[in-house]
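*Asks:* In case you want the letters, here they are:
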Amino acid sequence: MLGSGLLQGLAVTAKNLAGSFHDPTRYVTTEYPEQRTKLPENYRNFPFLVHDDPADPAGTLRCVACQICEKECPPQCIYIVMERDEKGKALKRPKVFDIDVSVCMSCQICVEVCPFDAIKMDQEYEIATRDRFGGLLLHREDLSKSNEYYHQIHPTEAAGVDAALAEQKAKQAAAKAAKAAPAAPKPAAATRSTTAATPAPSPAAVTSPAPAATPPAAAPVPPANPPPTA
Amino acid sequence: MSAPAANPLPLLERLPVALRDACTNWLPESWRWLANSLLSIVAVFVVFATLFALLTLAERKILGRVQNRPGPNRAPLPFLGLRTYGLAQPLADGIKMLTKEDIVPRGADRVLHFLAPVALLAFSIMTFAVIPYGRTLLPVELDAAVLYFFAAGAATELAIFMAGWASRNKYSLLAAMRALAQLISYELPLLLSVVAVVLEAGSLSTSVIVEKQGAWLFGILPQWHVFTPWGFAGFLIFFVAALAESNRSPFDLPEAESELIAGHLTEYSGFKYALFFMAEYFGMCALSGMGVTLFLGGWQAPFPALGFIPSYCWFAAKLLALLFVFMWIRATFPRLRIDQLTRLAWKFLVPLALVNLFTAAFWVLSAGWAGPLAFARWVVAGALVIGPFLALGRRLSAGLGPRSYRYA
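Taken in sequence, the protein lines are chains W and U.
Under this note's numbering, the first residue of the first sequence carries the number 1, and numbering increases by one thereafter.
Under this note's numbering, the first residue of the second sequence carries the number 1, and numbering increases by one thereafter.
Read the hints as simulated data drawn from the structure, not as lab findings.
Fair warning: this is a prediction, and the values are worked out from it, not measured in the lab.
All C-beta atoms in this analysis are idealised placements derived from N, C-alpha and C, irrespective of residue type, glycine included.
Treat the hints with care, as some may be off.
What the simulated footprint calls covered on chain U by chain W, stretch by stretch (three residues with Cβ under 8 Å from a Cβ of chain W suffice, anywhere in the stretch; the number is not a length) [as the list claims (entries may be wrong)]:
{"hint": "1", "region": "63–69"}
{"hint": "2", "region": "262–270"}
{"hint": "3", "region": "382–395"}
Throw the hints in and build the complete structure from the sequences for me.
*Replies:* Pasting the structure below:
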């Protein structure tokens with residue numbers, strides 16, 4: 001009948017009007033500054049630097065200023081200067097670590113190339129500033145955030161990183177012990193092998209570890225660490 | 001506005017008039033009528049200006065809820081910082097409108113450009129004079145109140161064309177002409193549906209029309225006009241025409257904000273624009289009030305047992321319910337095209353209103369029928385309402401089957 005469609009339409013809007021008062025699946029608004037939705041774990045926007053001890057953020061940065069990320073960064077928004085002592089010896093930590101977030105494109109390549117799990121993606125999205133030059137250039141102090149914070153924002157990923165780092169540390173300790181205690185046949189090769197093994201930590205938890213990754217150093221390694229996986 | 005002396009009314013019923021008399025009876029007798037009239041004007045204006053402010057908020061809230069969002073809820077009360085569900089939003093809107101720049105185009109007729117919103121608002125307020133808000137609350141007792149109401153209402157069309165003309169903008173002018181076409185088209189079904197009521201009541205006085213709806217069928221069912229076949233049809237026609245007359249969605253073509261620039265309001269800004277907005281809401285309130293008066297029993301209670309609640313409360317409740325339907329419809333229907341709009345008026349509503357006039361005439365003539373004839377009266381009147389509606393609806397929608405959509 002003429003007009004029945006109109007009544008159907010009115011019924012739909014009435015249902016929504018009433019439903020918005022009692023049905024949370026209809027009324028989905030989050031009143032933003034007061035309420036916040038939980039961000040998905042894989043959400044990312046800009047990188048930050050992980051440090052291990054909140055009491056000494058500058059001293060425990062994982063970053064060794066190797067500048068791999070600086071070189072890989074496609075829009076070249078990272079600027080690193082390594083810290084050196086008065087004799088000019090590298091201290092393996094950054095004196096300057098700047099990221100221009102107005103240039104950063106959140107591609108995560110810096111995170112993927114970092115051998116030390118030192119740079120990770122942040123979830124901080126309230127980065128609006130009144131100063132578009134200074135305010136968007138983040139320095140080492142702004143970027144440095146604790147490992148606990150990393151666990152908060154990316155729990156699964158952080159747990160994996162921690163496990164890999166712990167395993168790597170155990171490996172290093174075992175290698176050191178093997179080098180120190182028994183008769184060390186080739187000390188130079190053993191030290192070289194441990195440094196060569198470090199750059200491939202993340203897939204180490206899986207079954208086939210180092211041999212495929214470092215074929216030239218593989219030959220002398222097996223006596224150094226007989227059980228590859230825990 | 002004189003309380004009948006016969007049976008004294010309850011206190012709450014008398015209260016508004018008693019208050020007014022308390023304010024004015026220190027004046028000499030010859031001045032009292034003037035003071036009383038001025039007080040009535042102030043009261044009506046204050047009540048409806050407040051209602052306008054609350055309606056703008058209610059409309060946005062209801063639209064929000066229909067769209068599953070909260071609507072405005074942030075404006076805090078001044079100096080307190082309390083967010084009372086956005087209750088201060090009208091205040092914030094008013095201050096914003098007052099502080100905006102008022103731009104008059106260089107080529108515009110400055111006098112008419114200023115006069116148009118003022119005239120529109122003035123005519124809208126004039127219509128409030130003859131609506132009976134309660135048993136004793138009728139600002140002006142006129143014998144030809146219905147005629148006066150629609151004359152004043154039709155004068156707003158003049159103001160709309162004035163706005164379009166004075167802006168000296170071809171878009172404004174074209175839009176104003178289009179608005180006129182719409183308003184004049186819908187005057188006809190509006191008035192024809194009202195004529196049926198006048199025919200039944202035998203009077204043009206709004207207070208008489210309301211009094212006549214005060215009887216009870218079987219001592220319990222109200223005898224409002226909407227509960228008769230012709231009254232039901234008349235009310236629907238009146239309501240659709242009122243939607244169009246007050247430029248409300250789905251007939252808000254004169255100021256179709258998403259398609260046109262703003263119609264005849266293109267060259268208006270600041271508080272003049274707010275006046276147009278106010279006049280639109282006043283027109284909506286006035287037409288709703290007239291609809292309540294003519295069809296929904298005015299200030300009469302729906303059941304005899306509820307008669308202890310003051311009559312103006314019943315009027316307010318019915319008015320607010322009708323205004324809610326206005327907003328509900330705005331939240332539901334998309335806007336019509338101009339040809340669909342005029343076709344609906346001329347090909348559908350006007351014929352139906354004319355037939356409805358005959359139905360009302362039959363109803364008046366058969367008023368004396370009793371017993372089984374009373375039943376026949378209902379059947380005949382019902383057939384006279386439903387038959388033309390179905391026939392006309394089928395003829396107009398012939399060939400317009402359900403659309404099938406093909407997605408590439």
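*Asks:* Please list, smallest to largest, the hint numbers that this structure does not respect.
*Replies:* 2
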